[in-house]
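Participant: Per the working numbering, the sequence shown runs over residues 610 to 688.
Please note that a few of the clues may not be correct.
Distance condition first, Cα-Cα at most 27 Å in a straight line; then the derived BS3-like pairs of lysine-lysine [said to hold, decoys possible]:
{"no.": "1", "residue 1": "Lys637", "residue 2": "Lys677"}
{"no.": "2", "residue 1": "Lys681", "residue 2": "Lys651"}
{"no.": "3", "residue 1": "Lys637", "residue 2": "Lys651"}
{"no.": "4", "residue 1": "Lys681", "residue 2": "Lys659"}
{"no.": "5", "residue 1": "Lys677", "residue 2": "Lys659"}
{"no.": "6", "residue 1": "Lys677", "residue 2": "Lys651"}
{"no.": "7", "residue 1": "Lys637", "residue 2": "Lys681"}
{"no.": "8", "residue 1": "Lys637", "residue 2": "Lys659"}
Using C-beta positions, here's what the derived DEER-type ranges look like [as the list claims (entries may be wrong)]:
{"no.": "9", "residue 1": "Lys651", "residue 2": "Pro684", "range": "30 to 40 Å"}
{"no.": "10", "residue 1": "Asp629", "residue 2": "Ser656", "range": "23 to 33 Å"}
{"no.": "11", "residue 1": "Lys681", "residue 2": "Lys659", "range": "29 to 39 Å"}
{"no.": "12", "residue 1": "Asn630", "residue 2": "Asp685", "range": "10 to 20 Å"}
{"no.": "13", "residue 1": "Ile612", "residue 2": "Lys651", "range": "16 to 26 Å"}
Since the hints were made in silico from the structure, they are not lab data.
Note that the structure is predicted; figures quoted are calculated from it, not measured.
All C-beta atoms in this analysis are idealised placements derived from N, C-alpha and C, irrespective of residue type, glycine included.
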Amino acid sequence: RLIRQLRLQYALDLLHQGQDNLGTIAHKAGFFDQAHFSRAFKAQLQSSPKAYRLQHQNGTLWSGMIDKMRQKLNPDEKG
């Protein structure tokens, strides 16, 4: 579970950079393929990676969403 959380957190960072396609992000974050990555992302964050990226690029994320997602990925971390 910890490894998956770390992979998702890394993928979130890559999504923020906005340079790689989702397949590349999946590979870099250690997922078998894009479908596996998308399922894990949606299960944990209730949003697909594509929808998350579109929301972020369009600036429609509400304040604190990133912190909220990070807290979901790592509930023991304070901040």
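Participant: All hints are to be evaluated individually against the structure, with a verdict given for each.
Facilitator: Status of the hints after comparison with the structure:
1. Simply put, lysine 637 and lysine 677 have alpha-carbon atoms about 23 Å apart, close enough for the 27 Å limit, and the pair holds.
2. About 12 Å separates the Cα atoms of lysine 681 and lysine 651, which keeps this hinted pair within 27 Å; it holds.
3. For a cut-off of 27 Å, the pair hint linking lysine 637 to lysine 651 stands: about 18 Å separates their Cα positions.
4. For the hint pairing lysine 681 with lysine 659, the CA-to-CA distance comes to about 19 Å; that is within 27 Å, so the pair holds.
5. As the CA atoms of lysine 677 and lysine 659 are separated by approximately 18 Å, the hinted pair is consistent with the 27 Å bound.
6. A distance of roughly 15 Å separates the Cα atoms of lysine 677 and lysine 651; the hinted pair therefore holds under the 27 Å criterion.
7. With a C-alpha separation of about 21 Å, the suggested pair lysine 637 and lysine 681 falls inside the 27 Å cut-off, and the hint holds.
8. Of the supplied pair hints, the one linking lysine 637 and lysine 659 holds, its CA atoms being roughly 16 Å apart against a limit of 27 Å.
9. Look at lysine 651 against proline 684: about 18 Å separates their beta carbons, and that is not inside 30 to 40 Å.
10. In this structure, aspartate 629 and serine 656 break the distance hint of 23 to 33 Å, their C-beta atoms being roughly 18 Å apart.
11. For the hinted restraint 29 to 39 Å between lysine 681 and lysine 659, the CB-CB distance of approximately 19 Å leaves it violated.
12. At about 32 Å, the beta-carbon gap between asparagine 630 and aspartate 685 misses the expected band of 10 to 20 Å.
13. The hinted range of 16 to 26 Å is satisfied by isoleucine 612 and lysine 651, whose Cβ atoms lie roughly 18 Å apart.
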